[in-house]
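Enquirer: Hey, can you work out the whole structure from these sequences and the hints?
For the protein sequence lines, the chains are Z and L, in the order given.
The first sequence maps to residues 3 to 403 in my numbering.
The second sequence maps to residues 3 to 403 in my numbering.
Read the hints as simulated data drawn from the structure, not as lab findings.
Take the hints with a grain of salt, since some may be wrong.
Note that identical chains are pooled: a pair holds if it fits in a single copy or bridges any two copies.
List of simulated lysine to any residue pairs, SDA-like, C-alpha gap at most 25 Å [said to hold, decoys possible]:
id : residue 1 : residue 2
1  : K19       : M344
2  : K235      : G17
3  : K142      : R376
4  : K235      : Q327
5  : K38       : E152
6  : K38       : S372
7  : K383      : F154
8  : K383      : L8
9  : K400      : L65
10 : K282      : G264
11 : K343      : V361
12 : K400      : L216
In case you want the letters, here they are:
2 protein chains.
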Amino acid sequence: MNLHQLMRDLREENGSKIVLLVADGLGGLPLTLSGKTELETARTPNLDAMAREGVSGLTIPVLPGITPGSGPGHLGLFGYDPLEFQIGRGILEALGINFQVGPRDVATRGNFCTVDGKGLITDRRAGRPATQRCVEMCKKLSTIKVPGVEVFVEPVREHRFVVVFRGDNLGDAVNDTDPQAIGVAPLHAVGEDAEAQNTARAVNHFTTEAARVLKQDAPTNMVTLRGFARHPKIASMQEIYGLRAACIAVYPMYKGLARLVGMDVLEGPTTLAEQVDTLKKIWNDYDFFFLHYKYTDSTGEDGDFAAKVEKIELLDLEVPRIRAQNPDVLIVTGDHSTPSKMRSHSWHPVPTLLWARMVRPDGVVDFGESSCRRGGLGQFKAKYLMSLAMAHAGRLGKYGA
Amino acid sequence: MNLHQLMRDLREENGSKIVLLVADGLGGLPLTLSGKTELETARTPNLDAMAREGVSGLTIPVLPGITPGSGPGHLGLFGYDPLEFQIGRGILEALGINFQVGPRDVATRGNFCTVDGKGLITDRRAGRPATQRCVEMCKKLSTIKVPGVEVFVEPVREHRFVVVFRGDNLGDAVNDTDPQAIGVAPLHAVGEDAEAQNTARAVNHFTTEAARVLKQDAPTNMVTLRGFARHPKIASMQEIYGLRAACIAVYPMYKGLARLVGMDVLEGPTTLAEQVDTLKKIWNDYDFFFLHYKYTDSTGEDGDFAAKVEKIELLDLEVPRIRAQNPDVLIVTGDHSTPSKMRSHSWHPVPTLLWARMVRPDGVVDFGESSCRRGGLGQFKAKYLMSLAMAHAGRLGKYGA
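Expert: Here it is in C-alpha cells:
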C-alpha cells in the first residue's frame, strides 16, 4: 500500500477548500552565527498570526542533504515522491509554455548561444537577447525540416526556447548538446539505445540546419539543446486526491509542473495581488489552489538578503486577502531553501505552516526556521504535506477497521 | 532512484575535506531520573564550541528500538543502509586482521574454548588466554587438512581467531557451532542448501580434527565457530561518493569495516593522539577521514560511568588538533549508544554534531543527548549522515531541474 493508493482508498468529498501558497526558495540562513534568517528578519504579522493558530514544521524536500531543483521540489509538495517521479527539463519547459506534449513527442530545452568563426561557443546565452528577438529567431528555426520527424520550435523568453520532436519510436536517452562551457563547440547528440538514436539523428540534423539558418544572426547564431525528455506517466491530483486543482502562477515552469499533475492553469495574473484576485474569482470552481510566489527564490539567488526580506514582507501583506476566502486548510511553505548567503538552492529543511481548524496547537508564535524547528509537525518529507492537508481538510477516512 | 544512485549522480569534486570522528557507543543514559548522561557530565569545552557553531541532532542507527552491533552501526554512518547491507561476523573478523577474503572463501570467527572429559564446554572463552598462546594454538590448527578445501587459521587476540575455508561452491548458510552456553558440546554444523552443506562438511571435519590436535592443550582444548560469511558485494565509498577515504582506527574490527567500504586503512597509531598525528600526515592524500575511538564503548560495556566520562573528556582534548587541520566538515557521533547503566549496546539515538560553514545554526550551546534532541538536524537515520556531510562539503549538485 503506497501513499497514493492510500489517498485513493481513503479520500472523501466534503466541499472543503485547500490553499497551498508556495514561496519559492523560502528557507534561508542567517548571515552570522547569532543572526536571523531572511524569514525571521522580515516583519510578518499575518504569517505569525497563522503560526500561532496553526501548526508548524520543517519539510525535507527529497532526502537529508539533497538540494532539489524546482521540479522535484514542487512534485514533493504535491505529494509525488520526487525520487519516484522524475521529470525531464524539456518536459517542464514545454508544459510551462502550454505546449501540449503527446505520446510521440520528445521535448527539449533550447538555448540560443553565440559561436565564433570556428563554431566555438563564446556566450552560452547569446548575451540574453530580448524576448522579441527570441520569438523572431524561433520563427526562423521553425522553417527547418527534418526527414520523418515533425519539429516544433517555441520561444520561452530571452535566450530560451523549446523544441519538440514528434515522430515514431523516438527515445529520450540523448545527451545534452550544451557543453556547459565556452571555447568549445556544441556537442554531437548520441542516443543510448535504438529509439534514442532515432532522436539523436533528428537532433543533429536540426542543429546543423540551425547553424546554417542563423549564420548571419550573431549573437544569436547557434543553439544548444538539453534535457531531452518524453512525457512521464503520472496520475493527476484529481485521480489521487479527488481534488479539482487549480494553479495560479506567473512563471511558466510552475504552470508546467501544475499541468503535469493535472491542475487547471489559470492564465492572466502577473502579480501576487492579481493571483489572489483570481483565487477569489475561481473559488467556487475548485477544491485545491496552488499559488506560486517566485521572488523569494530569485532574490535569494541574487544573494540579496534585504530584498528577500522585503519580498517576504510583501507576501505577508497578501495573506489576509487569502484568509478572507475562509479556506479550510491554508499552507505556506517553499519548494526548497534558497539562502541569500549561498546564492543558490540548498538542502536545508523548509519552514512550513499549516493553518486549519483541527490542528494540535504547538505553542509556536511566529513563522521562521527556528520556530518551525520546534513546531508540532516536526521535520518531515515534503511528500507527506498533501496527506496532512487532506486530513486537516476532513477529506480522509479511517484506514482499516 | 536510491540513495547511492543519487550520490553517484549528484556528486561533485571540490577538494573539500570531511572528517568523521566516531566515538564508539557514545550515547548514554543518566543514572537517575534527573541526572545527566556520561556525555552531559563530561567537561567538553571543545565539543561544546563545535555544537555552538555547528548543527546537532540524534541519529537512529538502524530503526527505532533496534540495537546495532558494530557492523550495522558503522555501515549506517558510512551511508550504507544496515538493513540492506548485511555483513557476517566472519568477514568482519577476517578484514580486521587484514586477511584478503576472496570470492571462493567462507570466513568465520573462531573461539578457543575449554571442554571437559565428555566434550562439554566449561568455559566459552578458554579463560581468555594470552594472545601469544592464541598464536601458538592457531599454528597447531593450521596443520589440519580438509579434503578438497583449503583452510586458513589466523589468530586475532586472546581466545579469538579467524578460519577461512577456500574452495569451490562453498555457501555460508551454516549454523554457528558455538552453542552460546556451557555444559553442552559444540554444535554440529548443518548447511541450509547444497553449497552450505559443502561448507558444513568441511567445518565438521575441521572441528573434529581440532579436538584431536588440541586434546592436551587445556584450557584451549577445543574451538567453536560462528558467523560464517562470504564476502558481500558492496560498492566502495570512492564509487558512491567519489571520496578518497582513509580509516585511522586502532582496533581490527573497525579497520575491517572500513576496508569493506573501500577505505585505505592507515596502520600504526595506537592512541587517539597518534591517530590525529596520522590525520595530519595524510591530510593532502585523502578527502574523507574516519577516526575511530573505542574507549567510550568499552567503558560503557564495563558499566563504568566515571570512566566513560573520563574517556569522553580525553576525546574532547584532541578536538582542537583535528580542527586545526581546518576540515570543511567535521562530524562527531557514535555508531550506537552504550549506556554504562546498561553495560551493553543500546537502541537509544546517538548524539551527533556536524560542524561546517553552511549549517543552519540551531541555538544549541553544548554537546549532549538533551541538547541534540533540540538540534537542527532533528532525529534522523544514520544512513543519511553521509548525504548531509556531502551537502555541507559542497560536494552535491542539484537534483532535477
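Enquirer: Hint by hint, where does the structure go against what was stated? Just the numbers, ascending.
Expert: 2, 3, 4, 5, 7 and 12
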